[in-house]
Amino acid sequence: MAPYLLRFAQCHSEFRLPELDSIANLYGLRMTLPEAAEERDPTLAFMIVDLDSEEHARLLARRCILIKTVYELWASATSYAELHATMKANPARWAPYTWTKHKYLVGAANHTIPDARMLDVIESFDYMDLKGEISLKKPDEIFVAMEEYPEKPSGMISKGHDDENFLRVFFGRQLENGTARNLMVEFDIKKRKYYGNTTMDAELSLLMANQALAAPGTFIYDPFAGTGSMLYTSAYFGANVFGSDIDGRQLRGKDKIPGILQSAEQYRVAGRITDCVVFDVTCNPWRCGELFDAIITDPPYGVRAGAKRLGRKEGLPMREEAKILENGAPSHESPEYRPPKRPYELAELVVDLVVLSRYMLRPGGRLVFFLPTITDDYQEVDVPQVEGMELVANSLQLFGHGVWGRRLITMKKTTSARLPMPTFGRRMPDESTPDGHTPGHQGFREKYFAGFQRVHTPQE
Amino acid sequence: MVKLITHNLLCCHARGCNYPENFPLVFRDVTQLEVREADYNAEFLQKMMPRLEWKALVDTAKQLGDTSLPEELPEGEAMDEEFLKKLHHVLMEIHIEEGAMHCPKCDHKYPILQGIPNMLLAEHEIGR
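Protein chains in written order, with this note's numbering: chain A, 1 to 460; chain B, 1 to 128.
Simulated from the structure, these hints should not be mistaken for lab results. Quick reminder that beta carbons are idealized off the backbone N, C-alpha and C, glycines included. Take these hints with a grain of salt, some might be off.
So the derived list for chain B, only partly shown, Cβ under 10 Å to chain A, looks like this [stated by the list, open to error]:
| # | residue |
| --- | --- |
| 1 | Asn8 |
| 2 | Asp80 |
| 3 | Phe83 |
| 4 | Lys85 |
| 5 | Pro117 |
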């Protein structure tokens with residue numbers, strides 16, 4: 001194996017390692033992360049990983065949404081003196097490129113190098129003695145020196161006083177700019193034919209498809225499909241996808257051709273949209289389980305759209321017989337009939353989602369979903385712990401000055417036991433929450449609208 | 001939409017309806033049926049095969065006018081590309097756009113609008 005340098009895009013640092021891991025897993029690549037914890041720090045812009053081949057590094061760059069560029073790493077150091085010493089010890093590295101059309105590129109993360117020093121840096125590599133043509137526009141190879149500075153507090157403008165106070169400096173051969181990042185432009189919601197007010201943004205929809213290991217031959221399901229964001233990105237990566245939602249208006253839209261199909265055609269993935277069906281996941285028509293390789297969803301959590309399930313509000317009994325209208329016809333057969341719905345508490349929904357996934361996934365299949373959390377209330381045990389479903393990754397994206405956020409949860413089905421269809425709260429006594437734990441996201445909607453202030457008792 | 005793969009994986013879920021009496025749903029009043037090309041993937045088909053109810057698939061395809069599938073699910077070498085292509089066509093390319101699916105036991109009607117079936121139950125049909 002050989003070292004390759006990854007440069008990450010400057011966002012979603014908590015999502016970088018899980019994505020890298022997922023894509024290595026998807027292609028079956030061997031990948032070793034640095035041993036020292038500080039070099040594995042996912043908030044750093046650069047990371048060195050060991051891979052079997054250049055081709056594997058290129059695969060990562062083409063599929064990871066959070067990779068900006070990959071390089072073949074020739075040397076890394078904490079000073080230029082050390083960097084040059086390492087370089088000079090291995091001139092065979094650049095010998096094959098003596099006559100190559102090339103250019104040098106000097107750059108930095110969290111810093112802007114003054115123009116004057118850039119030239120000095122380039123000249124300091126003169127010992128490589130490259131004789132090939134220099135081409136700034138169409139080089140065959142780009143040799144890169146990259147300096148990494150500590151992240152500055154946001155809003156602080158660098159005045160250049162910390163120039164050369166870098167943490168690490170790297171030298172290598174640029175292999176490829178990450179092309180998957182361009183998909184963010186392609187899947188931009190603003191340019192999408194059909195979307196709604198809770199549509200997941202392009203970058204996270206793509207990230208989720210990566211966590212779900214979407215690929216040709218796989219079958220992926222979104223049980224809260226809404227306007228279908230994750231269906232398009234999963235289908236783009238080759239998966240056959242299936243969507244369901246309790247609200248048919250979301251799936252259909254207002255036109256004659258359903259909205260989801262219109263956007264799918266725009267992305268040329270209509271041929272992989274298996275179907276979209278209206279039903280309530282807690283009262284679903286699936287004939288059997290173990291159908292899907294992944295379940296990928298952004299469950300409604302009540303800020304922009306409150307979750308609903310079939311039933312009547314607390315305490316109200318359900319009708320036992322069909323209601324017969326004056327004309328003698330049963331009311332539910334009329335086209336205007338809408339069954340009663342009740343609010344679906346987030347904490348309950350999340351547990352149901354994990355239990356549904358355990359039933360509907362093939363052994364080894366993945367569940368990928370967003371869990372909204374309130375920073376002060378969140379505890380690790382809030383992620384539902386269901387036997388046979390194992391946590392793979394848990395990455396936080398913060399909002400509202402860090403008061404709340406959402407966690408991208410990736411789970412894997414580890415059981416191969418054949419299970420019965422879950423009953424979703426029409427629970428048998430032995431199905432109640434085992435430890436009586438109340439998760440921090442319980443009542444998320446109410447807490448959100450109350451500005452996440454702690455409720456004080458009158459005595460205080 | 002409503003492809004035969006979907007039809008083969010869903011059943012009536014009204015209270016009192018249990019497998020196998022609630023399956024397969026019966027297509028009625030189909031006023032719009034379309035054939036649209038879907039992306040062929042042999043690996044996907046092979047993975048789905050053990051989940052399919054073969055007789056239900058063959059019978060439903062026949063009702064819709066497609067007789068290309070053999071009565072018995074082929075085994076071993078008979079499961080060749082020619083067969084998989086036929087299966088792909090029946091499972092993935094026939095779309096029922098308007099009509100309804102009825103439960104063979106309780107006759108609950110699941111209407112299909114713009115190719116999207118409404119599988120919501122009425123209040124009194126929800127299991128307790």
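Evaluated hints:
1. Asn8: At about 8 Å, which falls below the 10 Å cut-off, the nearest Cβ of chain A leaves the hint on Asn8 of chain B intact, so it holds.
2. Asp80: Check failed: Cβ of Asp80 of chain B comes no nearer than 18 Å to chain A, outside 10 Å.
3. Phe83: At 18 Å from the nearest chain A Cβ, Phe83 of chain B fails the 10 Å test, so the hint is violated.
4. Lys85: violated (15 Å)
5. Pro117: holds (5 Å)
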